[in-house]
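K.L.:
Chains as they are written, first to last, in the numbering used here: chain A, 81 to 423; chain B, 81 to 423; chain C, 81 to 423; chain D, 81 to 423.
There's no promise every hint is true.
You can't tell identical chains apart in this list, so a pair holds if it fits in one copy or across any two.
Computed cross-link-like contacts, BS3-like style, restricted to lysine-lysine with a CA-CA straight-line distance of at most 27 Å [claimed, not checked]: (1) K133 <-> K292; (2) K292 <-> K388; (3) K388 <-> K254; (4) K133 <-> K254; (5) K133 <-> K388.
Rather than coming from a laboratory, the hints here were simulated on the basis of the structure.
The chain contents come next:
Number of protein chains: 4
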Amino acid sequence: MSDLAAQPLDGDPAARVLVAGANGFTGALAAKIVWDHPRLQLVAATSRSDAGKRLDALYPRYRVPIELTELDLDRLEGIDAAIVAYPHGAAAPTDAALRAAGVLVVDLSADFRLRDMDTYERWYGEHGAPELFGTGVYGLTEIYREELRGAELVATPGCYPTASVLGLAPLAEKGLLAEVSIAAMQGTSGYGRSSDDLVHFSAMTENAFPYKTEGHRHRPEIEQELAALGSPVPVTFVPHLLPLDQGELASCFATLSEPTSAAAVRALYGERYETEPFVHVLDGPPNLRALRDTNECHVYVTVAEHGKVMAFAAIDNIWKGASSQGIQNLNLMLGLDETLGLT
Amino acid sequence: MSDLAAQPLDGDPAARVLVAGANGFTGALAAKIVWDHPRLQLVAATSRSDAGKRLDALYPRYRVPIELTELDLDRLEGIDAAIVAYPHGAAAPTDAALRAAGVLVVDLSADFRLRDMDTYERWYGEHGAPELFGTGVYGLTEIYREELRGAELVATPGCYPTASVLGLAPLAEKGLLAEVSIAAMQGTSGYGRSSDDLVHFSAMTENAFPYKTEGHRHRPEIEQELAALGSPVPVTFVPHLLPLDQGELASCFATLSEPTSAAAVRALYGERYETEPFVHVLDGPPNLRALRDTNECHVYVTVAEHGKVMAFAAIDNIWKGASSQGIQNLNLMLGLDETLGLT
Amino acid sequence: MSDLAAQPLDGDPAARVLVAGANGFTGALAAKIVWDHPRLQLVAATSRSDAGKRLDALYPRYRVPIELTELDLDRLEGIDAAIVAYPHGAAAPTDAALRAAGVLVVDLSADFRLRDMDTYERWYGEHGAPELFGTGVYGLTEIYREELRGAELVATPGCYPTASVLGLAPLAEKGLLAEVSIAAMQGTSGYGRSSDDLVHFSAMTENAFPYKTEGHRHRPEIEQELAALGSPVPVTFVPHLLPLDQGELASCFATLSEPTSAAAVRALYGERYETEPFVHVLDGPPNLRALRDTNECHVYVTVAEHGKVMAFAAIDNIWKGASSQGIQNLNLMLGLDETLGLT
Amino acid sequence: MSDLAAQPLDGDPAARVLVAGANGFTGALAAKIVWDHPRLQLVAATSRSDAGKRLDALYPRYRVPIELTELDLDRLEGIDAAIVAYPHGAAAPTDAALRAAGVLVVDLSADFRLRDMDTYERWYGEHGAPELFGTGVYGLTEIYREELRGAELVATPGCYPTASVLGLAPLAEKGLLAEVSIAAMQGTSGYGRSSDDLVHFSAMTENAFPYKTEGHRHRPEIEQELAALGSPVPVTFVPHLLPLDQGELASCFATLSEPTSAAAVRALYGERYETEPFVHVLDGPPNLRALRDTNECHVYVTVAEHGKVMAFAAIDNIWKGASSQGIQNLNLMLGLDETLGLT
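For reference, chain A alone in the conformation it holds in the complex:
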């Protein structure tokens, strides 16, 4: 390995971390957060297609002077934890190999988010490691914090479920939700690095549009989590692509099961998130610039003219919606303060 292949050791790291798929948007960001983390050591950042390139050549602004290498699953000695930023399908077998070697795994893909195999297969196809299916902890930190402490395989939620569930959890937990429609929107980083006509600057500038109108795979994930919180309700969901890089908003229209005043709804949100380090309940609508490049979720809730609750939840889709939530969870898995490296 070259001098560039691992972060110089500084003090006693809580874990030596591998990032697999570090050439994509979320993998590269995960590598950056690990690199800047006071207790994690980035020992390898891997990529098949970009092996040999430096990460700070691909993503200069992240300033991670490490060379991308190919992942060798036979040489995992000295690796305590891995963040796997692979496409769904490809992640599961890698996760399995990493777990077999005793490596803690934070999976950023969809492979372990769903808890029903039929649903998984409908939306994603055949699963790559069915023997592990159902064994991961769903990494929405604010909901599953206790299960995440000491977990060994964590499925980082999809970006839309992160915003949507955090935007609705205080209602769902009280069983107050009857049904919900969600207009979600995010920037082009959510589309991933793989370029095509759609995210060419010339196509996206001065443009915006709904997509996946016939069904987006994050909808069943949102329904799964609202049900787990106590509200097994129908969710209507449509995402939109916006002409910006990072940022995501879930604008939720919720019908409540019983009339509830705006004051009561706000009190509910205030209490629920009072002690959360990263979820801030605002007293006006959130905006995406305010939380870019952070692990925060900004929530605002109000009651509209005819009684529907409108809940707005904003995140940075590649931070709290992916990589930084992964590190928040890794902190818990390692017994560290969950905010470490994230503020």
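Given the coordinates of chain A, work out where chains B, C and D should sit on it, guided by the hints.
P.N.:
Just chains B, C and D, lined up with the frame of chain A:
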């Protein structure tokens, strides 16, 4: 008047047109469309604050070489029609003076959109010409075409009502709507020319946010029109500002009063808009770039997993959402082909 | 051929036109301009990789309802003229085949722009039709108008040479230029449709940078044309990519061979371009929005503190910098008014 | 004073800092950097027009929970240093009052940048504190580091001079420069918070243009500093506004006084900046995204075809071009490590 104060006469115009408030975004665009129109002659473009400036200095891309003058309501001879692009409140008395002089009026403001004075006063304050209240025709061309032929005072709909009502009309007309939630979004031209911190490029780039979450005055207008079509239903509505200039999308989640298949819903939309020159029913989601700088409305409708109808309607907010729809109506008022000057 | 493969005939066209490579940015725009042109009939739009797709599916805003087909050089009967929007190298042999069949050719590539084969080979490699090299007319309309009337093979200039040479021609023609440095900048449409990391919206938004700093192949083309005008001077040139779609600016710093007052320089520009339909000499700096989607070139010239001339020339890089200039020339080749279809 | 008026004390600050004019872009950023700085305590952030508002309401992303107050020059006890972010003209008298009270002053305005009063008056008008004129240290850290240690009044350079002088200093110091032309470009944050038509999102998106073409006041400042380095040469300079928020590029075309190879020029730059913590000499052209929100300057230099040197220097115009360079200098004034709070 200087040589720059009126368009040179070319043939026999159907009407000599004044644009009042031609220094704002929608007034300037109206002046441009009149200028380019084969049967309209732009005889004056007025502005209090920018009088003396040339319109093609303020808006070079519109290429209208006319000098802005102050409106003189005592000298309206030779003017057949006026497009009034004033703020609500200020428009009504000007409209009254113009009508008193026999001038046909297309009002781009909100002053004659609502048909209930209490609702008007709740959202806009005191009305500036109560004697005329209720006498205007609502200028959503595709709905009120017959009333618009020969009308003398037309209230151009709000941009959000234009998109929302066109997106829902086929359902509303059949009485199929039970309730609807609308997440609408538009670019910064909808905010108007009056600059403030919010629309500074440095504030809007890489940003997006909901606004007017406690109530937007376009909601009662949408409810009024859906009711007029046969569906007096509750509307929950929230607008968002996007980092783009021109373009607007209404993403509507509608609960139907009876189960209806996607095929049936699509057939309904197809039939309803089959002969409309400017409303196009697409077979996939619309995007804003495709109709920028046009009078078109692109509609797509589908039925989501749990039965809600999702209807998407896109327009250019300052064209079909304001100025070009005003000219579409003026064409009808003058007995011209409604597409004249708009294709 | 399907009904979608050719434009319905309307009147007596001056030419039946084929656009080869109509799936790229400049080819698609050429097809749109031909489609909208009052005297040209678009009889085929071809593409190897996108054959079978509709052009209005790839570029909805151009509204050209034609199906892309594969080019068949053995079936050119009925085609009077072709616009060839191929990459350099690939264009020349196609041009040769088209010419052999008697088809007038407007080449948008670099294959016939340079007049020195060594220079061509240095910057572009082996030429694909050396027997035709030197036989094309350089299609900078404002300079070569007379040669273009009746020409049979026209090389449309590069976008940077178009702006740069128009910005400097009045000085070059008088032999006043001693040397020039050009900082040019353009939007991402200049990069072409072929997506890669560089033009991903997430990479370009909030970014800008110089590129090809070690040498850009448009520099020798600019030098060739300034020399042809009477000023064989050294040109230092560097392009920049900006976060916008269409638009190009050449900011030129010119040392004159003799002291010349600002007034004299301005008079020179005013006279030179007085009768040009598309080149406008402004009395202040140009901006890109003002001429987007037009064939115009906006020029401003001033003399800086220490005597250098600063000349600024702005165009839309895919209009005047490519496709619409191609049609301007085709008009001349066909004996039509050069502004036809372009205003 | 409310609880929000000063930063809680944490340890022993090196200085208690006031930011005057903290409601503007550069003042707000200065307040943020002071707030996050390990050895500075923000004791007041002042603003006349926004007094009473919270800074984190005006600039949520800076997360500075302090209330803006009005500056009271009679109550400066307990203040060790001030950053003055006032417009030129207004800054000087405030600086004088602060200095009279023994407060160290970092002025972000132009009031003490120039060393020749005639030049000052030509470009800025009457000076507000002529008795102090000439007593400030020019705060281009990499050039005046020794003078800045212990300085009491520091004039932070203009953003364009910062980039331009850092881009040319290695040549200027060796007396190698003969003349230079600079095409500079920056985002809309350089225009300041004061909104007008020009920086409305609707005006700037998809736009770019040169401005101040008849003379920009940063040109004499650049000439002053190049002369001070040993190269009293004529500078031709033109700035451009780009559709982005933060970021600035100076693209410099330099004629050398003697032929110098690219290798020699690069060696010169490499040596000159080898030990600089914030100036990085790249081996390819810089881009603005890579250094956004940092105090860095990225430089690339090459020699063009005909012998001119092309030097490119990129900075974040409100960081290194204003506020963070101010803190870099304040660190030196206080005897601290100059990188403190900036990495």
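K.L.:
Take the hints in turn and mark each one as holding or not.
P.N.:
Outcome of the hint check:
Taking the closest pair of Cα atoms, K133 and K292 come within 27 Å of each other only across two copies (21 Å); inside a single copy the shortest separation is 34 Å, beyond that limit. Taking CA atoms no more than 27 Å apart as the test, K292 paired with K388 passes in both settings, with 25 Å inside one copy and 15 Å between copies. In the homo-oligomer, the alpha carbons of K388 and K254 lie at most 27 Å apart both inside one protomer (16 Å) and across protomers (25 Å), since each shortest distance falls under that limit. Within a single copy, K133 and K254 get their C-alpha atoms no closer than 50 Å, and across copies no closer than 36 Å, so neither meets the 27 Å cut-off.
With identical chains, the CA atoms of K133 and K388 are never at most 27 Å apart, being 52 Å at best within one copy and 32 Å at best between copies.
Taken one by one, the earlier hints fail for this structure at numbers 4, 5, listed in ascending order.
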